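Chemist: Here are the chains, one letter per residue:
Protein chains: 2
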Amino acid sequence: MRTRSTASGGRRRRERTAGAQSCRRVDYTHLRNPFISQGAFSEDRIEAVHRTALRVIQELGIRVLLPEGRKRFATAGALVDEDSRMVRIGADIVEAALATAPRSFTLKGAVAKRDQLIEPGVLFFTAGAGAPHVTDLERGRRPGTLSDYRELIRLTQCFDAFAMFSAVVEPQDVPIHIRHYATMAPQLTLGDKPPWIFARGTPQVTDGFEMIRLARGLSEEDFKANPWCATVINTNSPRQLDVPMCQGIIDFAEAGQMSIITPFCLAGAMAPITIAGAMTLQHAEALTGITLAQIVTPGAPVLYGSFLSNVDMKSGSPAFGTPEQFKATLGSGQLARRIGLPWRSAAGSAANVNDAQAANENQMSLWGAVLAGATNIKHAAGWLEGGLTVSYEKLITDLEALQIVAELCTAPQADTDALGFDAIAEVEPGGHFFSSRQTMARYRSAFYEPLVADWSNFGTWTENGARTANQRATAIWKKKLEDFVSPVTDPAIGEALNAFIDRRTREGGAPPES
Amino acid sequence: MRTRSTASGGRRRRERTAGAQSCRRVDYTHLRNPFISQGAFSEDRIEAVHRTALRVIQELGIRVLLPEGRKRFATAGALVDEDSRMVRIGADIVEAALATAPRSFTLKGAVAKRDQLIEPGVLFFTAGAGAPHVTDLERGRRPGTLSDYRELIRLTQCFDAFAMFSAVVEPQDVPIHIRHYATMAPQLTLGDKPPWIFARGTPQVTDGFEMIRLARGLSEEDFKANPWCATVINTNSPRQLDVPMCQGIIDFAEAGQMSIITPFCLAGAMAPITIAGAMTLQHAEALTGITLAQIVTPGAPVLYGSFLSNVDMKSGSPAFGTPEQFKATLGSGQLARRIGLPWRSAAGSAANVNDAQAANENQMSLWGAVLAGATNIKHAAGWLEGGLTVSYEKLITDLEALQIVAELCTAPQADTDALGFDAIAEVEPGGHFFSSRQTMARYRSAFYEPLVADWSNFGTWTENGARTANQRATAIWKKKLEDFVSPVTDPAIGEALNAFIDRRTREGGAPPES
Chain A
1 MRTRSTASGG RRRRERTAGA QSCRRVDYTH LRNPFISQGA FSEDRIEAVH
51 RTALRVIQEL GIRVLLPEGR KRFATAGALV DEDSRMVRIG ADIVEAALAT
101 APRSFTLKGA VAKRDQLIEP GVLFFTAGAG APHVTDLERG RRPGTLSDYR
151 ELIRLTQCFD AFAMFSAVVE PQDVPIHIRH YATMAPQLTL GDKPPWIFAR
201 GTPQVTDGFE MIRLARGLSE EDFKANPWCA TVINTNSPRQ LDVPMCQGII
251 DFAEAGQMSI ITPFCLAGAM APITIAGAMT LQHAEALTGI TLAQIVTPGA
301 PVLYGSFLSN VDMKSGSPAF GTPEQFKATL GSGQLARRIG LPWRSAAGSA
351 ANVNDAQAAN ENQMSLWGAV LAGATNIKHA AGWLEGGLTV SYEKLITDLE
401 ALQIVAELCT APQADTDALG FDAIAEVEPG GHFFSSRQTM ARYRSAFYEP
451 LVADWSNFGT WTENGARTAN QRATAIWKKK LEDFVSPVTD PAIGEALNAF
501 IDRRTREGGA PPES
Chain B
1 MRTRSTASGG RRRRERTAGA QSCRRVDYTH LRNPFISQGA FSEDRIEAVH
51 RTALRVIQEL GIRVLLPEGR KRFATAGALV DEDSRMVRIG ADIVEAALAT
101 APRSFTLKGA VAKRDQLIEP GVLFFTAGAG APHVTDLERG RRPGTLSDYR
151 ELIRLTQCFD AFAMFSAVVE PQDVPIHIRH YATMAPQLTL GDKPPWIFAR
201 GTPQVTDGFE MIRLARGLSE EDFKANPWCA TVINTNSPRQ LDVPMCQGII
251 DFAEAGQMSI ITPFCLAGAM APITIAGAMT LQHAEALTGI TLAQIVTPGA
301 PVLYGSFLSN VDMKSGSPAF GTPEQFKATL GSGQLARRIG LPWRSAAGSA
351 ANVNDAQAAN ENQMSLWGAV LAGATNIKHA AGWLEGGLTV SYEKLITDLE
401 ALQIVAELCT APQADTDALG FDAIAEVEPG GHFFSSRQTM ARYRSAFYEP
451 LVADWSNFGT WTENGARTAN QRATAIWKKK LEDFVSPVTD PAIGEALNAF
501 IDRRTREGGA PPES
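Residue numbers (the working numbering), protein chains in the order written: chain A, 1 to 514; chain B, 1 to 514.
Source of the hints: derived by calculation from the structure; they are not laboratory data.
No experiment lies behind these values; they were computed from the predicted model shown.
Honestly, I wouldn't trust all of these hints.
It does not matter which identical chain is meant; a pair holds if it fits inside one copy or across any two.
Straight-line distance between alpha carbons at most 20 Å, and here's what the computed DMTMM-like set of lysine to aspartate or glutamate pairs gives [as the list claims (entries may be wrong)]:
id, residue 1, residue 2
1, 224, 449
2, 314, 426
3, 314, 463
4, 71, 82
5, 314, 449
6, 478, 92
7, 224, 210
8, 479, 81
9, 478, 160
10, 314, 173
Could you build all of it, start to finish, from the sequences and the hints given here?
Modeler: Written out as structure tokens, the structure reads:
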């Protein structure tokens, strides 16, 4: 009987396939967000936030600490009071800037595969960044070092779900006047993704640009023609743009490089306690930064940025993955769509250890950003303590969620064979599909293969050492580092960079400016 | 200067508010899904799945093991082959059933607050159910007992985010012929939410109905007028309806009680390996069950049910939180909307311990269900090992995600005060909002207060014992049990139930039927 032979064939097949090598090919680059963007406010309320933000900029003004910044704004017609350093910018100036800010551009990698199209509808992730500390199960929590930084550059290079590099950890063992060399070089020699630069004054920024030109073999003109790197500009909320951030906008815009203008608005602390009010402040500050970039260079590549959460009213600490953050993120997406620009949001966690809280917060903020239609989701993996620590294990466990979101970007098959009538007809009631023709044709590539999830049953899992997700993640990152091979094979690149760094170090490097 | 005085006022305020009691009121009952439902397939492909499922039912047929079930189908005009027990149901019969299945009804609780409206657009959660084992940090993993069951009934009563009871754990220390008394009584004496009944044969089901009538003081007529309890009908995929499940559909439909018709389709095992094919099988089986309920009693309250995931091709184990499950859930929501019925989906995790994998899987499947527009999300908290174990800690940590989703069901304020122009005008550039008028008016109730998340900084957290989410969750469930007071205050209810149970036990109870 067909059922019986199918059944025994099925058992054999199951044994054979257990442990069988998969031939599944995945590509987590160049994603487009598959979801309909969701909002938290009616369109007229979003318009009201936008209009109120314009009033904040025009009537209340923004304090701009850099004289050159005030001068640029004044040249464009803004009202500048040099005593108070307040800049009041007319709505017409902002609207003109929004008209020149590009809707679509390409952030260039070392190879075409790593070019990242940036426009509304695109989705790309970057790892948690800017942490002073790192932690892992074996070495514990500690101040970040260059060795940690280099490991984390290798790890973020390994996984395609990270589309560009980020300054994962601050290497505190490197003196600050030469630290930017130490952080740029590995981005150019250990990987091929677009690198990251902190805007800590013109000398450091121009050093970074020069290193990119050296590594990529670009003339100044080639470099200016496309963005090859990115920085984040954080305003000093409320309503203040400090010296290095303002200089960063100018430097990046002049060089045609990408600025992500991101007020960090904590509702109830540096921003109004209401979600709508915090959005108004964020929008006012982001528009100010975007406007400056466009005044400097019309068409300069910018991202609208949102990193809006609330504080814990008990401790004053930033909280992540909260319903307020979720709603604010949805609202920020509406604002980004209102002005038509690509934009960045963020995930993250305030937990102190990579446990259920940490996973839940990261994923909750991730879903807020995905559903808000964020173009770039920063800090998408690894953040503990609201960004004070990056966890090696969490980088891996969060990455699983990112890979699953990446899988959701491809539509399931629904042709006649996939609809399954013939497959269902082939299997008797109460039987199984292990050895059906359809299964046999597809089983090696049908399903996502987990990175860190262990689906074995309790008995098997216990026999195998009862390893938690963090323990398995440890094995994964260690193996990845062990097997790491840089995609950069031309020794001339490292040599040119080293020669540059040696010279600049002899010249005294470039301390951060503020 | 204003900035300074604001700053020092802010510090004082922050100290005063640290640890201040909140006056935030929350209501996590009667939620409506705030999101635009998302799909994974084009509308024409959903129509193709629906049509293919109708062909499966009509051309291939479903094996119905209960003679009474076959008789009912035959009476309605289906083709029945008694030798093979196959039932072939014409599309016209299915369409007629879909026309009488109610779009909207109310599942009744003991008090009006617990009445749960059930219709498309509503969202309600139930805890993980049906587990043979329980686990907690202090007592370890063990077979479930009545004592565990009663604790878990208390815990699911405590939190409003659970709208009805579920059979969280199987109390294996109670003999099976009287177990249904032991599981029903606590649902009626320790809480006021709608209870749950397993369909394990007519005698057990009618015992359960009688206990509800006794506890709620209902005549047979009152009872039949509304659903007061629910059951899940799992088909024996593929294409088979076994004796107790078929009898359950008949018993619940005759009594006007709610059936959730849920094929458990594991793609690649008991269902086709393709998502679309597994959906076709699920849809065929769910439509068969819904049709039987409507043949028995036109207008009988039913939910369309989906519990579709894939197996791990390495071990054959069910996997949860996978991209395939997510897409299948979105597709199932599209099918539910195609037939216009409220429906249930599920969250869950296949992890063996409540770690980052467990949290990520539960939340990933939760988001699939939320975005698919599921009316009821079952197994929304607590499941480990794909449902073989319910974890006390995980019940709490997952609940945090449910509460946050519940918070997302309310829109943020966006009136003129909330838009924040005045608040922003009040605070100097670079200042803070801790003591702004808007903050002072709102700080006690502005933000969600976490259940288990700890947002204190690393130093404070370490000083406080470096407790993980699981350890904090343990303290939470223990405290909840310690403080538990049943909302059922009338001693006559317990007495009536005890008298009934004593009599039925003397009569021999009611063993499960199959």
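Chemist: Work down the list of hints and note, for each, if the structure agrees.
Modeler: Results of checking the hints against the structure:
1. Taking identical chains as interchangeable, the C-alpha atoms of residue 224 and residue 449 are never at most 20 Å apart, the minima being 41 Å within one chain and 48 Å between chains.
2. With identical chains, the CA atoms of residue 314 and residue 426 are never at most 20 Å apart, being 62 Å at best within one copy and 23 Å at best between copies.
3. Taking the shortest Cα distances, residue 314 and residue 463 sit within 20 Å of each other only across copies (17 Å), while inside one copy they are farther apart (44 Å).
4. Taking the shortest Cα distances, residue 71 and residue 82 sit within 20 Å of each other inside one copy (10 Å), while across copies they are farther apart (91 Å).
5. With identical chains, the CA atoms of residue 314 and residue 449 are at most 20 Å apart between copies only, with a shortest distance of 9 Å across copies and 42 Å within one.
6. Proximity of residue 478 and residue 92 under a CA criterion of 20 Å is satisfied in neither setting, with 54 Å inside one chain copy and 60 Å between copies.
7. With identical chains, the CA atoms of residue 224 and residue 210 are at most 20 Å apart within one copy only, with a shortest distance of 12 Å there and 79 Å across copies.
8. Taking the shortest Cα distances, residue 479 and residue 81 never come within 20 Å of each other, neither inside one copy (58 Å) nor across copies (59 Å).
9. For the homomeric pair residue 478 and residue 160, the shortest alpha-carbon distance inside one copy (18 Å) is at most 20 Å, but the shortest distance between copies (44 Å) is not.
10. Taking CA atoms no more than 20 Å apart as the test, residue 314 paired with residue 173 passes in neither setting, with 34 Å inside one copy and 45 Å between copies.
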